[in-house]
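> Order-wise, the sequence lines are chains P and D.
Just add 1 to wherever you are in the first sequence, counting from 1, and you've got the working numbering.
Just add 1 to wherever you are in the second sequence, counting from 1, and you've got the working numbering.
Worth flagging that the hints you see were computed from the coordinates, not collected in a lab.
Since this is a predicted model, take the numbers as computed values, not measurements.
Each residue gets a CB set at the ideal place from its N, CA and C atoms; glycine is no exception.
Watch out, some of these pointers could steer you wrong.
Interface residues of chain P toward chain D, partial, derived using beta-carbon atoms under 8 Å [to be verified]: (1) 42; (2) 258; (3) 265; (4) 267; (5) 293; (6) 295; (7) 614; (8) 615; (9) 616.
Derived pair list, reagent style EDC-like, types lysine to aspartate or glutamate, alpha-carbon separation capped at 16 Å [stated by the list, open to error]: (10) 285/P <-> 326/D; (11) 194/P <-> 332/D; (12) 263/P <-> 323/D; (13) 558/P <-> 483/P; (14) 285/P <-> 310/D; (15) 285/P <-> 332/D; (16) 421/P <-> 41/D.
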Amino acid sequence: MNQVNSNTLELQELGQVVIRFAGDSGDGMQLTGNQFTRTAAQSGNDVMTLPDFPSEIRAPAGTVSGVSGFQIQFGNKVVNTPGDYPDVLIAMNPAALKVNIKDVKRDGFILLDRDAFTEKNIQKAGYTVDPLSDEALLNRMTYQAPITSQTLRALEGFDMPKKAKERCKNFFTLGILFWIYDQPSIHTEEWLKKKFAKKPSIAEANIKTLKEGMIYAQNASMFQAQFKVPQAPVKKGTYKSLTGNQATALGLIAASERAGLKMFLGSYPITPATDILHEIVKYKRFGVKTVQCEDEIAGICATLGGAYAGAFAVTTTSGPGVALKSEALGLAVITELPMVIVNVQRGGPSTGLPTKTEQADLLQAMYGRNGEAPIPIVAAKSPSDCFDQAIEASRLALKYMTPVFLLTDGYLGNGSEAFKIPRVEDLPDLTTTHRTDPENFKSYSRDPKTLARDWVKPGTPGMAHRIGSLEKDRETGCVSHDPENHNYMVRTRQAKVDGIANDIPELEIYGDQEGGDILIMGWGSTFGAIRNSVDKYRVEGKSVSQAHFTHLCPFPKNTLEVMKKFKTVVIAEMNLGQLHKMIQATYAHKAIALTKIQGKPFTEAEIAVVVDELL
Amino acid sequence: MNTQAKKYTKKDFVSNQEVKWCSGCGDFSILSQTQKVLSEIGRPPEEITFVSGIGCSSRFTYYMDTYGFHTIHGRALAVATGVKTQNPDLSVWVAFGDGDGMSIGGNHFIHTIRRNLDIVCIMMDNRIYGLTKGQYSPTSLRDQITKTSPFGKLEAPMDPVAMALSSGATFVARSTDRNPKHLNEVLHKAYQHKGFSFVHVLQNCVIFNDGCHEPYVGKEKADNTLMLKDGQPMIFGKENDKAIVRDGFDPKVVNVADVDASEILVHDENSSSQGQSYFLAQMSEGKFPMPMGVIRQVEEPTYDGAYTEQIAEITAKQGQGDLQELLDSGDTWTVE
Ligand code: SF4
Chain P
2 MNQVNSNTLE LQELGQVVIR FAGDSGDGMQ LTGNQFTRTA AQSGNDVMTL PDFPSEIRAP
62 AGTVSGVSGF QIQFGNKVVN TPGDYPDVLI AMNPAALKVN IKDVKRDGFI LLDRDAFTEK
122 NIQKAGYTVD PLSDEALLNR MTYQAPITSQ TLRALEGFDM PKKAKERCKN FFTLGILFWI
182 YDQPSIHTEE WLKKKFAKKP SIAEANIKTL KEGMIYAQNA SMFQAQFKVP QAPVKKGTYK
242 SLTGNQATAL GLIAASERAG LKMFLGSYPI TPATDILHEI VKYKRFGVKT VQCEDEIAGI
302 CATLGGAYAG AFAVTTTSGP GVALKSEALG LAVITELPMV IVNVQRGGPS TGLPTKTEQA
362 DLLQAMYGRN GEAPIPIVAA KSPSDCFDQA IEASRLALKY MTPVFLLTDG YLGNGSEAFK
422 IPRVEDLPDL TTTHRTDPEN FKSYSRDPKT LARDWVKPGT PGMAHRIGSL EKDRETGCVS
482 HDPENHNYMV RTRQAKVDGI ANDIPELEIY GDQEGGDILI MGWGSTFGAI RNSVDKYRVE
542 GKSVSQAHFT HLCPFPKNTL EVMKKFKTVV IAEMNLGQLH KMIQATYAHK AIALTKIQGK
602 PFTEAEIAVV VDELL
Chain D
2 MNTQAKKYTK KDFVSNQEVK WCSGCGDFSI LSQTQKVLSE IGRPPEEITF VSGIGCSSRF
62 TYYMDTYGFH TIHGRALAVA TGVKTQNPDL SVWVAFGDGD GMSIGGNHFI HTIRRNLDIV
122 CIMMDNRIYG LTKGQYSPTS LRDQITKTSP FGKLEAPMDP VAMALSSGAT FVARSTDRNP
182 KHLNEVLHKA YQHKGFSFVH VLQNCVIFND GCHEPYVGKE KADNTLMLKD GQPMIFGKEN
242 DKAIVRDGFD PKVVNVADVD ASEILVHDEN SSSQGQSYFL AQMSEGKFPM PMGVIRQVEE
302 PTYDGAYTEQ IAEITAKQGQ GDLQELLDSG DTWTVE
């Protein structure tokens with residue numbers, strides 16, 4: 002496996018490692034991080050990653066606002082999060098060091114490009130003294146490698162402008178890391194050859210730099226040890242790395258294909274959801290129609306039009322967009338047309354923290370409409386789970402003729418993990434047909450079991466009918482203001498959504514099946530952090546268990562039963578206690594709210610602060 | 002697409018819903034003409050979909066025995082965008098009012114026109130909010146007294162025709178509720194046009210804005226309207242004695258007798274330049290006769306048509322999508 006290492010340094014085994022790559026936006030940190038991730042995954046480690054983009058698109062180079070980051074956790078067992086605090090920080094310039102140094106674990110280390118610590122760069126980062134001259138400031142093991150100059154030296158014979166050569170420095174850094182973590186360079190070499198098939202000289206230069214980085218790490222005698230993270234018990238299969246947004250897009254097209262319906266997507270660009278649109282527009286060969294509309298409202302209204310015309314209809318957005326779409330959501334409810342609304346949640350209220358994550362749109366999804374307008378809610382718990390939950394949300398929408406919310410968030414949308422590629426035939430069969438038989442047809446004829454209204458496409462002979470935003474007679478589908486009829490229709494629409502509880506998995510307990518001391522409940526992206534802390538408690542022999550919601554409306558039927566098994570229920574979420582409120586309102590069962598609202602996911606320590614007290 | 006010889010009557014397009022407009026409302030005649038035009042076109046009702054917004058006129062969909070989607074205020078064109086894009090084979094018609102189209106749904110009006118979605122859009126303009134009982138609308142006149150402008154409206158009116166033209170509309174026409182024959186002709190032309198067909202219909206609201214279009218539909222209408230005919234000189238008036246000539250960049254009303262015939266402007270519906278249509282759009286208020294009929298009709302690629310073509314091209318190039326292939330694609334690795 003190891004190609005360069007031939008010296009006698011001992012190889013220390015490690016369980017899990019968190020590396021944060023940080024540099025200027027132009028330093029290629031996302032790419033470097035992704036390459037490391039691929040290689041670790043291909044070596045059999047479990048991986049999870051999270052990029053951290055600067056919020057300004059073109060912040061001045063070298064300043065703290067221009068620092069771009071990428072964090073990966075890889076390990077010898079299941080990895081649930083991209084990690085709280087890095088063991089290793091790669092700092093390509095002083096600003097990257099300044100922004101990230103406080104997060105690095107005390108026993109971690111920093112690898113930095115000494116050449117980037119010029120007086121000018123140090124000033125730009127806002128340091129008054131050279132941080133490298135101040136040991137107290139660093140207070141961590143620091144390796145100062147001459148990355149830029151060594152890169153230029155490595156490429157001496159190459160006919161390239163100096164600037165282009167300098168850009169290869171991220172591969173030198175990657176080479177050093179590959180050596181430290183005993184990873185092979187072959188996967189990245191192959192990737193470079195493929196990527197630059199038309200410009201082989203660029204591939205060659207990067208490969209040369211990568212190898213020189215590995216040689217440098219070996220020869221510089223700088224590092225005391227090499228580390229090895231053994232393989233994780235990863236299931237056999239073929240994998241690829243997907244972000245949550247990519248997985249959502251793939252899940253939606255899979256749902257459309259499994260339903261046998263063409264997909265229609267009406268959308269409007271909004272951070273952090275736009276990547277889903279970016280993906281789906283590539284699928285036109287599947288007959289997918291995407292319309293980038295003039296605004297959020299048109300996005301959902303066009304989607305409704307698409308649904309009415311018989312498509313598998315989807316709209317993608319984030320919280321502020323949902324706010325704009327809420328009137329049309331009510332229209333989707335009253336016309337009982339199927340559609341999936343993806344909300345990649347971000348920090349709010351208002352424009353809030355567009356690039357940061359939060360789970361504060363749960364009550365918006367639940368109640369953010371006028372009138373009684375229930376909409377089922379499904380939430381994904383990890384980047385690759387976005388694929389499965391996109392299919393699940395689609396299944397419910399098509400089967401029950403209803404809009405369905407799929408909640409993800411910025412952390413899931415931008416984070417990535419290894420996605421095990423499924424076989425199409427193993428995916429749920431969502432076959433959906435439109436009604437074409439005019440016999441006894443009424444525009445609000447329903448399936449007696451699911452209460453789903455019949456879906457008749459315009460163009461179908463003999464069944465021309467009208468639907469719309471005014472309340473309709475339960476039989477004829479004509480406009481009706483009759484009090485008794487309204488009562489019936491409101492309760493029927495609610496019963497239809499409530500009935501979904503019979504068609505979704507029960508809430509599972511991870512831990513003490515028969516009950517115990519503490520149950521930590523959550524939903525969405527907090528899954529990994531909660532799972533990590535539950536695991537830690539359980540290793541210590543403490544009775545701490547987990548139950549994580551995928552379905553939030555309706556709740557799984559056994560929710561109360563599960564809660565009752567535990568002495569204390571804690572609900573952890575990145576808001577001020579929205580699931581907590583829903584649980585209280587539905588079950589009047591006492592639970593403790595554990596909340597965080599910093600635009601960042603929970604750390605294990607933050608969960609421990611509350612749970613320790615209760616134990 | 003429909004080659005059936007089956008003849009339809011107006012009744013085939015009349016739904017079983019009781020029409021609830023105030024008696025005397027201009028919407029009746031517009032509804033009736035639309036039903037008549039559809040029966041004359043001869044397409045089966047199921048191939049036709051009406052989409053409307055909110056307001057008196059938007060009840061239209063419920064009264065048509067075709068497919069219909071009565072949506073929410075202002076959003077008819079956005080919903081129609083989805084319907085038509087998804088199924089270009091349908092004949093999609095939007096029926097709404099001045100509040101829907103010019104005010105709350107103004108953005109969709111601009112952009113649906115810009116896309117040149119191949120639909121017919123009938124705007125029933127009564128210069129008032131009828132369903133909410135008499136507030137001024139964007140097309141109400143300056144100084145108009147309404148429930149929300151008891152001392153007179155302070156804003157200038159908005160002109161739907163000018164708005165449509167500046168958004169790049171490929172078909173723009175104007176007619177009235179009081180001239181059914183003319184409305185019939187205009188609706189036929191609107192249906193035949195491939196692209197966004199905007200039909201501005203001056204409509205009377207007997208309850209809240211009675212007589213608002215009187216100059217253009219009443220006894221004096223010959224002096225106050227210019228009945229456009231393709232290829233014909235712009236002559237109007239009871240005695241056909243007045244004409245439109247150009248005065249710099251502006252229109253000017255002259256007596257036919259006072260000018261050389263060559264000076265009188267000749268209407269060219271299909272003029273590819275916007276010059277003439279903007280010129281006519283200026284004539285909608287005040288000292289000029291209001292142009293009636295087809296103001297502009299040009300061929301341009303439609304959104305739904307281009308979409309179908311693009312998908313066909315991509316599919317020809319890349320092959321029909323294969324889900325397993327898509328799942329398997331990209332940078333993959335195998336764990337043994
Ligand atoms: S209020 Fe005016 S526009 Fe509305 S139905 Fe009555 S007359 Fe017609």
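> Which of the numbered hints are not met once you compare them with the structure shown?
5, 7, 8, 9, 13, 15, 16
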